[in-house]
Amino acid sequence: MNADSAPLLETAGLTKHFRLGGYLSNRILHAVDDVDLAIGEQEIVALVGESGSGKSTIARLIARVYRPTGGEIYFRGRPLSAMRSRSEQLAYRGRVPMIFQDPYGSLSPVYRVSHGVLRALKLHRPALSKAARDEVAAQLFESVGLTPGSDFLDKYPYQLSGGQRQRVGFAQALASNTELILADEPVSMLDVSVRIGLLNLMATLRREMRVSFLYITHDIASARYVADRLIVMYAGHIAESGPTEDVLAHPKHPYTQLLLSAVPDPRAPISLPATSSVAEPPRVVDPGEGCRFRQRCPYAIEECALVTPRLRLLRPAHTAACHVATSDIGVPAKEQAATSR
Amino acid sequence: MVVTAPVLAVDGLSVDYITDRGAVRAVDGVSLEVAKGEFLGIVGESGCGKSTLLFAIARLLSPPAEIAAGSVRFRGRDMVAMDEDELRHVRWRDYSVVMQSAMNALNPMMTIGAQLKDAIEAYEPASSQKIRERSEHVMRLVGIDPIHLASYPHQLSGGMRQRAMIAMALVFSPELVIMDEPTSALDVVAQRSLMLQIKELQRRIGFAAVFVTHDMSLVSHFSDRLAVMYAGQIVEVGATRSVFEDPKHPYTKGLMQSFPSISGPKERLVGIAGSPPDLLQPPAGCRFHPRCPSVMPRCRTEEPPFYEEPADLVRCHLYDR
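In order, the protein sequence lines correspond to chains D and E. The opening position of the first sequence corresponds to residue 5 in this note's numbering, with each subsequent residue numbered one higher. The opening position of the second sequence corresponds to residue 7 in this note's numbering, with each subsequent residue numbered one higher.
Keep in mind the hints are simulated off the structure, nothing from the lab. Yeah, the Cβ is synthetic: ideal placement off N, Cα and C, and Gly gets one too. Just so you know, nobody snuck in bad clues.
Okay, derived cross-link-like pairs now, SDA-like style, lysine to any residue, Cα gap no bigger than 25 angstroms in a straight line: (1) D:Lys159 <-> E:Arg297; (2) E:Lys272 <-> D:Ala321; (3) D:Lys159 <-> E:Pro289; (4) D:Lys159 <-> E:Ser52; (5) E:Lys205 <-> D:Ala225; (6) E:Lys272 <-> D:Gly149; (7) D:Lys134 <-> D:Asp155; (8) E:Lys272 <-> D:Met213; (9) E:Lys272 <-> D:Thr208; (10) E:Lys272 <-> D:Leu264; (11) E:Lys205 <-> D:Val267; (12) E:Lys259 <-> D:Met193; (13) D:Lys159 <-> E:Pro283; (14) E:Lys272 <-> D:Arg210; (15) D:Lys159 <-> E:Ser281; (16) D:Lys159 <-> E:Gly280; (17) E:Lys272 <-> D:Arg319.
Partner residues aside, some chain E positions facing chain D, computed with beta carbon under 8 angstroms: (18) His220; (19) Ser223; (20) Leu224; (21) Ser226; (22) Phe250; (23) Gly260; (24) Leu261; (25) Phe265; (26) Pro266; (27) Ser267; (28) Ile268; (29) Ser269; (30) Gly277; (31) Pro282.
With the Cβ distance kept under 8 angstroms, some of the chain D side facing chain E (calculated, not the full set): (32) Glu54; (33) Gly201; (34) Leu252.
All chains, full assembly: derive it from the sequences and hints.
Here you go:
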């Protein structure tokens, strides 16, 4: 994201709590707490974290599936809470569509695969005639790699492989006046050999259709492959955020460091650490003040239990929410390597 | 490579699913051996037959699946020929199985301790004190406080449930533990720690392991040998490091080109064009030929045998020299 251009989408203090149990219960699950993030034009931002870290909740908040408990989402500077008319809400949904994880569950088996694309065109581009809609739909299918597009329009989901179905999902997302696609684990259900094709498609669409992506995943390696920036979530908070390569090369937050050390990497030399971290991420029910990672953190100090760490700028464009992490700003590059782990 | 008799020797094993449209051969002529204390990884994509193979080895297949041909010799005895009564004497005591989803494999209505007790009593009558001692022992082995013997599955985290499953598989100190993606429901950090623990237990107790997964990189640091499956067949088998460092089969090469890495230079990957075949009508000749970048005319008609490469067996005509 260029510093001088306003972001396409921005969240400020975005918060979502869920009440657990029955009406009389007052236990509150903090799914997302106080999240500030920004997505620029034609930018791919990856949101990574373990299950339960709140990453999907953020996508659903941005898609307006959930109403935020607190905070605000701005699209092109305009707060979503101010979008009251149906036409305005419809326009926003067209600009910010979503792609789902399960390509087997997200297409209705009784309709042709072009159904969703044609419906979106009818809804979001009412000026098009029926013939023009078919033509645009065929073009969209080709742009996501389903060629020849006109052949695919009349197919039913059962005739398509998982990868092809997910491409239909991409075509559907592009059928409105799309600017930002919320892709929630779009490749995790696919076979390993076809995943990379979809990731390449994301990069192509960003370049050729000029769209941005919020790519939600638990797979850091795939995030590195496509994303410009990386946001690491832990227990509802942003733990670390910055340019992808910088975060991977100089992880500042102890959680990011743990996550990176756990990723299986066959190209890396064999190294089996002596200790294994058995702990798992907490469910954040009625958390108090303090860092949510402190119970698992090898560097925790007294302050971590008392004060929730805020994101601090520790390297250029690279922030982390940790009391212990040291800043590299103003430190000569030679010494940075020594302090970054 | 194997000096002593293998713990497990699978020879020409084929499994059919009987459907209305005919028999689907999900596993086709698979042969493999597992030595004492060895860790064999089996990788492949969904639908390649890896789980079916595993169920066939464990004699857990149920209709419409049936073993159509081949033998599974466990410690020299053919398990395919055994009836249920004979199986009872080896199953769980000599070999055990860890399933993919602990949530589905554990009984939600019973405590972990009660389920362990059931498992022990089913195969070996023992006093309650013996059962208690053994249960506590295996729980400690997998790193769970024995206090959780009184817990119900829902009270444990996903990682602890999988550990409890492994504890259950180890109650009789079996010689072979068969594992079907035991870590796939876990997050990376929990996954890594469970893999380390499995490896550590294996070193300590000395059981052989057959580990099925779709995630090649997961087993890269843990398995001694690796078998790659495609469309019901093993296409390559060899020492894990040699398969990773010098993959021979075009499918294995394609797989290696399919997952990005978090280290090293960033390079554009291509994956493999197309998708796995429908096993009702598998392609003639080599089953990978419609997706293969190095396809030759004979691949379309002639099924390749295994060619021997140093440290590797490859089912590909490219190695016919």
